[in-house]
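Asks: Go ahead and model the full structure; you've got the sequences and the hints to work with.
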Amino acid sequence: MKHARIVITGVGLTAPNGNSLGEFRRNLLEGVAGIERIEVRHMGQQLAGVCHYDPLRYQTKKEVRVGTRAGSISVYCAREALLDSGVDWPATPKDRVGIYIGCTEHGNVETENEIHHLSQFNYDTKFWSHYHNPRTVANNPAGEASLNLGVTGPAYTIGAACAAGNMGLIHAAQMLRLDEVDFALCGGVSESIHTFGIFAGFKSQNALATHADPHKASRPFDKARNGIVVSEGGCLYTLERLEDAQARGAKIYAEIAGYHVNSDASDYVLPNPVRQAECVRAAIRRAGLEPKDIDIVNTHATATPLGDIQECEAIRAVFGEGCPNTHINNTKSYIGHCMGAAGALELAGNLPSFTDLTVHPTINVDDLDPACALPGLVLNHPRKVAKVDTLLNNSFGMLGINSTLIVKRFVR
Amino acid sequence: MTKDECKKVVTDIIADIAPDEDLSTLKPDVRLRDQLQLDSMDFLDIVMELRKRHGIEVPEADYIQLASLDSSAEYLTPKFNALAAKTAPGRG
Numbered sequence: 009m010k011h012a013r014i015v016i017t018g019v020g021l022t023a024p025n026g027n028s029l030g031e032f033r034r035n036l037l038e039g040v041a042g043i044e045r046i047e048v049r050h051m052g053q054q055l056a057g058v059c060h061y062d063p064l065r066y067q068t069k070k071e072v073r074v075g076t077r078a079g080s081i082s083v084y085c086a087r088e089a090l091l092d093s094g095v096d097w098p099a100t101p102k103d104r105v106g107i108y109i110g111c112t113e114h115g116n117v118e119t120e121n122e123i124h125h126l127s128q129f130n131y132d133t134k135f136w137s138h139y140h141n142p143r144t145v146a147n148n149p150a151g152e153a154s155l156n157l158g159v160t161g162p163a164y165t166i167g168a169a170c171a172a173g174n175m176g177l178i179h180a181a182q183m184l185r186l187d188e189v190d191f192a193l194c195g196g197v198s199e200s201i202h203t204f205g206i207f208a209g210f211k212s213q214n215a216l217a218t219h220a221d222p223h224k225a226s227r228p229f230d231k232a233r234n235g236i237v238v239s240e241g242g243c244l245y246t247l248e249r250l251e252d253a254q255a256r257g258a259k260i261y262a263e264i265a266g267y268h269v270n271s272d273a274s275d276y277v278l279p280n281p282v283r284q285a286e287c288v289r290a291a292i293r294r295a296g297l298e299p300k301d302i303d304i305v306n307t308h309a310t311a312t313p314l315g316d317i318q319e320c321e322a323i324r325a326v327f328g329e330g331c332p333n334t335h336i337n338n339t340k341s342y343i344g345h346c347m348g349a350a351g352a353l354e355l356a357g358n359l360p361s362f363t364d365l366t367v368h369p370t371i372n373v374d375d376l377d378p379a380c381a382l383p384g385l386v387l388n389h390p391r392k393v394a395k396v397d398t399l400l401n402n403s404f405g406m407l408g409i410n411s412t413l414i415v416k417r418f419v420r
Numbered sequence: 872m873t874k875d876e877c878k879k880v881v882t883d884i885i886a887d888i889a890p891d892e893d894l895s896t897l898k899p900d901v902r903l904r905d906q907l908q909l910d911s912m913d914f915l916d917i918v919m920e921l922r923k924r925h926g927i928e929v930p931e932a933d934y935i936q937l938a939s940l941d942s943s944a945e946y947l948t949p950k951f952n953a954l955a956a957k958t959a960p961g962r963g
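Line order of the protein sequences matches chains A and B.
Residue numbers for the first sequence follow this note's numbering, so the first one is 9 and each next one is one higher.
Residue numbers for the second sequence follow this note's numbering, so the first one is 872 and each next one is one higher.
Because the hints were derived from the structure by calculation, they are not lab data.
Among the clues, some could well be false.
A few chain A residues that face chain B, going by a derived Cβ cut-off under 8 Å, partial list only [stated by the list, open to error]:
no., residue
1, R65
2, K70
3, H138
4, Y139
5, R294
6, F418
Bear in mind that the values here come from a model prediction, so they are computed numbers and not experimental data.
Glycine included, every Cβ here is placed at the ideal spot set by N, Cα and C.
Replies: If you want it as structure tokens, here you go:
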């Protein structure tokens, strides 16, 4: 079966170290991390990646008050992506636009806030907000974007833990190929830092990062890594069928080359390197490529002691031999773990490599863990390379959901 | 509480729930919905804030009394005064 070619034509993002692709990329090349200390309810000061975009650029004060942080991030990213795409938005048929947003979770922030609020009223539920349900439904982030943009096509979220960012793009590509929509806004968002539960949960798992210097806290592959830095963020893309993009003279960042999604079926939280390797291999096969054809592998590694080793085992199994030109990096070392936004943001951070022929490094590796010493790992300093034609992005999540997305340089 | 003071209470609440609106030209005798971008959830906000901030309950059947500032003041002022009398110190 011959599939329509799908291309990326716009990017809108907010990350802890940048509110546009240009700013984000510059900071990735200059080694600028974006982690700070914030006050977390019941837990005091914690390390987190915070986004500093201006919500009022695209929302009214009332929209911000009524909506959620994830909804606000979605609106910002969607509007930025549309602007970047150069599409004639007023003339675009809104019933043929789809919004597909990956989320790790949604609703925890609002529920925690509401329970805290209720505690001020002796838990009398007549003070429970009438906004609770529209704020906590799982489709909220996509729904808020549809309201803001007037999109009347399908708009919903995809729950896939921390594999969700990739899943937004994958699902959009599928929907474009099925002719369900003509234009897609897709990717992932996260508002996780506004819930204490995620911090407390990781702490109870002994998986919450600590470090005297916030910018050094997220350190995948370093021997002294001690866990995850929780971050918020968002990244949405505009995806189109190639013929539509070309017909309107759109700039093309990259073409979707292949993808795969599978499940470990082995543990709630422990990754499974065998299934991860299967996922990566299947994506490469479906892209019509071989491992040696992959120029950049962006890892999922979150800086947990075991998780990093497991992923490295999977990558070694696929790329261990015969792939001298495969460069491996990690973006969480700058921005922490943006959860549902992670896959989409990390892909974006690497897209400029197609034109600047530079691989952004993994920072904060002062003492490389031998168990993570993959050949091709780009450590601490950007690497100039002769060619970048393909980029493979891994995103894995709890309950054993794995996603691999491959994009390639667009060639007519 | 006077009716003007009551209108100020309602206007303060509206300023918080509709922060983009200019309330300086609000006409007290015209329906709020005809002057402001308010939907049914916003009216529930007014009811909720009256409850939270002032301990005033507005039953659903009476929501229509909140249509304008004038009708709100007409309806709410006696409630505020009754509440004040009930909680006044030294009440015998």
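Asks: Now tell me if each hint is right for this structure.
Replies: These are the hints, each one checked on the structure:
1. R65: violated, 14 Å
2. K70: holds, 5 Å
3. H138: At 5 Å from the nearest chain B Cβ, H138(A) passes the 8 Å test, so the hint holds.
4. Y139: holds, 7 Å
5. R294: violated, 46 Å
6. F418: Constraint on F418(A) not satisfied, violated at 42 Å.
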